[in-house]
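As a plain string of letters, each chain reads:
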Amino acid sequence: MTDLRYAGKPVAEWLVWIAIAGIAYSQTGHFDMEIKQYAFGADGWPTAICIGLVLGATGQLIYQLTRLPRSFPAASPGAAVKSMKLLPSRGMAQRVAIFMLPFVFLYLTPIFGAYVSVPLFVLAMLILLDVRSPRTLIGVTAIIYAVLLLVFTRIFYVALPTGRIDLLYEFNTALIVLSRMGL
Amino acid sequence: MEQFLTGTAALFGDLTSITIFVCGLVGGALFGAVPGVNMLTLGAVLLPFTISMEPGHAVMLFSVIYCSGVFGGAITAILFNIPGAPENAPTCLDGYPMTVSGRAGKAIGAAVCCSALGGVASAILMMSATGAIAGWAVRAFGPQEVFSLIFFGLVVSASMGASNLWKGWLSVFAGLLIATVGTDPVGGIARFGEWTLFDLHYKSYYLSAGIHFIPMILGFFAISEVLVQATNISLGVRERPKASLEFPSLAEFWRVRFTLLRSTLIGFFAGILPGIGATLAAFLGYSQALRWSRHRDNFGKGEIEGVVASETANNAATGAAMIPLLALGLPGGALTAMILGIFQIHGMEPGPLIFINSGDLVWVTFAAMFWANVAIVLLGWVQTKTVVHILRLPFRWLAPGILILATIGAYALRNLMIDVWVMFVAGVLAYLLRASGYSAAGVILGLILGKLGESAFSKSMQLMDYNIFGFFARPISATLIIFAVVALAASIIGELRGDRRQNRPSET
Chain A
1 MTDLRYAGKP VAEWLVWIAI AGIAYSQTGH FDMEIKQYAF GADGWPTAIC IGLVLGATGQ
61 LIYQLTRLPR SFPAASPGAA VKSMKLLPSR GMAQRVAIFM LPFVFLYLTP IFGAYVSVPL
121 FVLAMLILLD VRSPRTLIGV TAIIYAVLLL VFTRIFYVAL PTGRIDLLYE FNTALIVLSR
181 MGL
Chain B
1 MEQFLTGTAA LFGDLTSITI FVCGLVGGAL FGAVPGVNML TLGAVLLPFT ISMEPGHAVM
61 LFSVIYCSGV FGGAITAILF NIPGAPENAP TCLDGYPMTV SGRAGKAIGA AVCCSALGGV
121 ASAILMMSAT GAIAGWAVRA FGPQEVFSLI FFGLVVSASM GASNLWKGWL SVFAGLLIAT
181 VGTDPVGGIA RFGEWTLFDL HYKSYYLSAG IHFIPMILGF FAISEVLVQA TNISLGVRER
241 PKASLEFPSL AEFWRVRFTL LRSTLIGFFA GILPGIGATL AAFLGYSQAL RWSRHRDNFG
301 KGEIEGVVAS ETANNAATGA AMIPLLALGL PGGALTAMIL GIFQIHGMEP GPLIFINSGD
361 LVWVTFAAMF WANVAIVLLG WVQTKTVVHI LRLPFRWLAP GILILATIGA YALRNLMIDV
421 WVMFVAGVLA YLLRASGYSA AGVILGLILG KLGESAFSKS MQLMDYNIFG FFARPISATL
481 IIFAVVALAA SIIGELRGDR RQNRPSET
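From first to last, the protein sequence lines are chains A and B. So that you can map any letter, position 95 of the first sequence is 95 in this note's numbering, and since no number is skipped, the others follow by simple counting. So that you can map any letter, position 149 of the second sequence is 149 in this note's numbering, and since no number is skipped, the others follow by simple counting.
Just chain A, same shape as in the assembly (with noise of 0.2 Å):
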C-alpha cells in the first residue's frame, strides 16, 4: 500500500496548474468574438492548450500517485535537529534578500535612473553574496559602471531610465552626455 500522507505535494502541483488552465480559460471570454475567415475564432487555440494542460497535469498526478513510497519515514531525533537548523536563519534571510534585491532594484531604477541603481544594486548583491574585501567591493562594481558607460551608453546607444527625481535626473543625464563625449 502507497502512503498518502506523501500525496500532498502532487496534489497541490495539479491544483496549481488546473488554477493556472481554469484562470486562462476563464479569460477567453474577453476574446471569443467571431472572426469571419476562421471558424475556431481568436480563443480555439488558448482554449485547446487549457485542455491539453488540464490532461498533462492529470497524467502527472496519476502517475506520481502511482510512484508513491509505501511507507512514511519514521522521523528520527538527528531529523528532528537537522529540521531546527533548517528554520529561518540567517542564511534564509540571506536567500529571501537575494530573491527581492532584484525587485527593490527594478521599483527604484525609474525613480534613481539607471546610473544611480546600478551600482547600488551591484554594491548590495555583492555584500549579500558574502563579498566583504573593500577593495573586491569597489573593483567589481567599478567594471560593470565602466562596461555600463563605454559599451552600453557609448556604443549601443542604450537609453535606460534616467529617473523622475530632479537632481538625479540631471546626474543620469550628465552621464550619459560625458559618456557620449567625442561621437
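Read the hints as simulated data drawn from the structure, not as lab findings. Be aware that one or more of the hints could be misleading.
With a straight-line cut-off of 27 Å between C-alpha atoms, the simulated DSS-like cross-links for lysine-lysine are [what the hints assert, rightly or not]: (1) B:Lys301 with A:Lys9; (2) B:Lys385 with B:Lys301; (3) A:Lys36 with B:Lys459; (4) B:Lys451 with A:Lys36; (5) B:Lys203 with B:Lys451; (6) B:Lys203 with A:Lys36.
Now the stretches of chain A that chain B is said to cover, found in silico as 3 or more residues with beta-carbon under 8 Å [said to hold, decoys possible]: (7) 43-51; (8) 58-64; (9) 106-113; (10) 121-133; (11) 148-161; (12) 165-176.
Every residue gets a Cβ at the ideal spot worked out from N, C-alpha and C, and that includes glycine.
Start from chain A and add chain B according to the hints.
Here is chain B on its own, set in the frame of chain A:
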C-alpha cells in the same frame, strides 16, 4: 567550383573585403554572445551604412554576421547557462553541466568545431543545389507541412530536460499558453490584454502586444541560474568550476560522427523552411541525439553529444536559410530579411534571375558563408583559450554582472522596464519549476513555436476546409504526423517501462 574560386578571389582580393569579413566575423560572434544584443541588433545598426557600401561587400558582411552570430551565443550558453539567442538554448542543457564538471574547454571546442562543420556542410549543399532545393521546398511545404513539422518538433522535444514525460509536456504547454498572449494570428484580436478576476478588472496594453521571448529566455536561463548559484553560495555548497582548456580529441569527434551527420541534415532541412530555421533545428537535433544515443542516460548531465547535436544543427540552418532568399526572394527570418533589403537598396531583386543577372554577387555570398564557417574554428580556438579564463573569477563577482547584462538586454529590446520585470518574474518562476523537475527548455520551445504553430494551424484549417484528416492527404505532413504519433507512443511506453525497471528493486 570555378565560380566558388572566383567568389573566394573576390572575397580575399582586396584589403577592404578582408577587413569587412573579419569585422563581420568578430562582430557577429561578439553580439551573438551578449544576451539581448544579438546579431539582429548589429544588423539593424549596420543596415543604414550598407547604402554607401559596394553591394558585394554589404551582402558578404551580413552573411558573415549571420554565420558567426549563430555560433557566438554558444559560448555564454556553455559558460554561464545564458543562451545568446534562442537557437543556443538546447546547448545549455549539456554545455553548462560540462562547465560545472570542469570540461568547459571541451564543450566550447565541440561547439566551435561542430558549428563550423555544420555550417560548412550546409554551405556546400547550398552552393550545389540552391535552385532545385528552393523550388522543391516551396512546392512541397505549405502550412500543413509547417504545422506538422512543429508538432513533430514539440512531440520529440517535449521531455527534454524534465524529470519525466508529463512534466516535459506541462512545460511545453506552459510555453504555448504564454505564446497565446498578444494578438491572434488570423483576426489580430488582442488576447489576455484584459483580465477580470473576482470582480477586479485589469487592462494591459503590454499584454495586448504579447510577451516577447527574449526577456523570457533571459529569465528562464540567466536569472534562474544566478538564483540557483546564489542559493548554493548561501548554503555553502557551491563549487567553482575548473577552467579547463582541453579541446575534444579526434576520438571523441569520431564517437559522435552520426550525431554530426544527423544534425547537419536536420539543420539543413529545418533551415529551408521560412520562419522556423535555427531554433527548431537545434531542438530537433538535440532531441534526436537523445533518442538515438548510446549514452542517453548522460544527457542533461554534461554529455558532449548534446552540445554537438544542437550546435551542428543550428549552424547547418544558416546556409539553408539563404536558399529560399536567393532563389525565390523569400526571407526566412529577420536577418535574411535585412539581406533582402540590401539587395533591394542596390536595385537587385533576389529570385531565379539573380543567378544570371548578379551571379558574381551570389558566389561572393556563398564563398563568404563557407569561409566564415571555416574561420569560426580559428575564432573559437582563440575563444577557448581566452574566454574560459572568466571561470577563474569567483561567481560572487560575476553574478551582479550577469544580472546587469541581462537587465540591459531585456530593457534594450523595446526600452520598456516591464520587459525587465517579466524577465525577473520568469527567473523566479523558472527557479521554482527547475526545482520541481520541470523543463526550462520546454517552456521556451513552446513559447517560440507557439505563435508559428498556431499561424500554420489556422492557415491549414482554412485551406483544408476544417477537415483535420487533410493533414494525411499530403505525403510530407502525413509522414511527420505519423512519426510524431509514433514518437509520442514510444515515449509513453518508454516512460512506463522505465518506471517498471525503477520500481523492480524496491518491490523485492
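Consistency of the hints with the structure:
no.	hint	result
1	B:Lys301 with A:Lys9	holds (26 Å)
2	B:Lys385 with B:Lys301	holds (24 Å)
3	A:Lys36 with B:Lys459	holds (14 Å)
4	B:Lys451 with A:Lys36	holds (20 Å)
5	B:Lys203 with B:Lys451	holds (22 Å)
6	B:Lys203 with A:Lys36	holds (25 Å)
7	43-51	holds (count 5)
8	58-64	holds (count 3)
9	106-113	holds (count 3)
10	121-133	holds (count 8)
11	148-161	holds (count 7)
12	165-176	violated (count 0)
When each numbered hint is compared with the structure, a violation occurs for hint 12 only.
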